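Trainee: Residue-level listing of the chains:
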Amino acid sequence: MSDRITVEELSELMKKAAGVTVAPQELEQRSDSGFDALGIDSLGLLGIVGELENRYGTPMPPDAEKSKSPRQFLELVNGALLAGA
Amino acid sequence: MSEPHPRRAAVTGIGVVAPNGTSTETFWKSTREGISVLDRITREGCEHLPLRVAGEIRGFDPPSAIEERFLVQTDRFTHFAMAAADLALDDARLPRSDTDASPFSVGVVTAAGSGGGEFGQRELQQLWDKGSRFVGPYQSIAWFYAASTGQISIRRGFKGPCGVVASDEAGGLDALAHAARAVRRGTDVMVAGATEAPLAPYSVVCQLGYEELSTVEDPDRAYRPFTAAACGFVPAEGGAMLVVEAETSARERGAPVRATLAGHTATFTGASRWKQSREGLAEAIRGALREADCAPEEIDVVFADALGVPEADRAEALAIADALGPHGTRVPVTAPKTAIGRGYGAAPVLDVAAAVLAMEHGVIPPTPNVFDVCHDLDLVTARARAAELHTALVLSRGLMGSNSALVLRRGATDAP
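Protein chains in written order, with this note's numbering: chain A, 11 to 95; chain B, 5 to 420.
Any given hint might turn out to be false.
[To be verified] Simulated restraints on C-beta separations:
1) B:G213 to A:S43: 47 to 55 Å
2) B:F138 to A:T31: 21 to 29 Å
3) B:T30 to A:A93: 58 to 66 Å
4) A:A33 to B:R97: 54 to 62 Å
Keep in mind that the hints were calculated from the coordinates and are not lab data. Here the structure is a predicted model, which is why all the values come from computation and not from measurement. Glycine residues also receive a C-beta, built at the ideal position from the N, C-alpha and C atoms.
Chain A on its own, in the form it takes in the complex:
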């Protein structure tokens, strides 16, 4: 586990928390697509945030679960992790 949340980890969490399989490479390419287009609904994103909070033992920013795209989400959570480090 790195101190940064990678596209790989997000891909793994999307599968675990929401049952949506998008390979890391594809997720990288589609990082500006909406989560809805990737098949992740609001509960799915909430589940991903919950998993991250349990893994890293720290709260994620309240706006994380409202992120529209993977890029926006990763910037937000990694910004918070960096600030908390």
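With chain A fixed as given, assemble chain B onto it according to the hints.
Mentor: Here is chain B on its own, set in the frame of chain A:
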């Protein structure tokens, strides 16, 4: 307000996922042959509980029927519902391309008694083992008895009127009646029915409080309604979804009208008040006949509720006699659910599926494990009986007091 040409509600597709078959064909074959699949309960975490016999579905592989996203987000009872809906839509020859072309003309209505017990238990175990932060967000919807309607409509892209009926076991029939009303009001196609998955440890423990539950160990003796040895009912999982369609819409697209939903009435007589259910069930039958404009003598077969509790069986036999008069002791009665158990709200929908198939094939399926009937009924036991069937009556009662009756008429066109 009466219309000159009311829209009749037809059954054009049947999808079954049941303990005796995970396709409509295998369900019908097994039902017609009277093969009982009741067996010792084997579901993990249930083996040590006082419920010994159940109707388990052992041949259903969820990942082969449902996409991973929907598997993760929903409970087993919704897996059954989505799979049965797919089978029903295939059977009705309504591919995705057709429903995508007019999504507002397709709605969904389901009934469920217990909701997603297995999913709920898993998440509650997370809560008590690890804490509230480990409960997944899909718990908020997956356990809910309304989940299947929403997930079917999301998964298939339906945007027509949707609904959920919560009225006990009889809710299965009430959901079909609700679909028929939606069709009469102008919706072309309703995907309607009920599925249940009550065989997880938490759910089984909840049922142990029902005094009507059979705890007999021998699968051949655990569920024998209408006999002196009646000792309660055996629970089951699975269910059926039907495509209920405007007869005009079916004819326009050349789909066979398998049967029509001709009449329905629901009544309520109170939880476990079986003696009083006589009056409620008789009134439901009378109302369904009235709506169907059907004389008692026109009923060719009755699919009984068949609870398997002596007082309830007596009330049902008397209700049939009260409502059908002398015809009540002559009309063939059957309860094929003794082969698979009672799937709560799903049980009467499976009976409707069997009734449509029985009318098509001219065969009344038997009531397995039942001999020596101790009521004044012509119960079809041992083996199937050939009969020309035009009209069927399906009965259902719930443990919480709902009673319901549905009259089905055979379709004008025979199935291929």
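Trainee: 58 to 66 Å was suggested as the range; check whether the CB atoms of T30 of chain B and A93 of chain A agree with it.
Mentor: The hint (58 to 66 Å, Cβ to Cβ) holds, given that T30 of chain B and A93 of chain A are roughly 60 Å apart.
Trainee: Given a hint of 21 to 29 Å, does the C-beta separation of F138 of chain B and T31 of chain A actually sit inside it?
Mentor: Holds, at about 23 Å.
Trainee: Range first: 47 to 55 Å. Now tell me if the beta carbons of G213 of chain B and S43 of chain A are that far apart.
Mentor: 50 Å, holds
Trainee: Using the C-beta atoms of A33 of chain A and R97 of chain B, is the stated range 54 to 62 Å upheld?
Mentor: 36 Å, violated
The structure fails to meet hint 4 from the earlier list, while all remaining hints are met.
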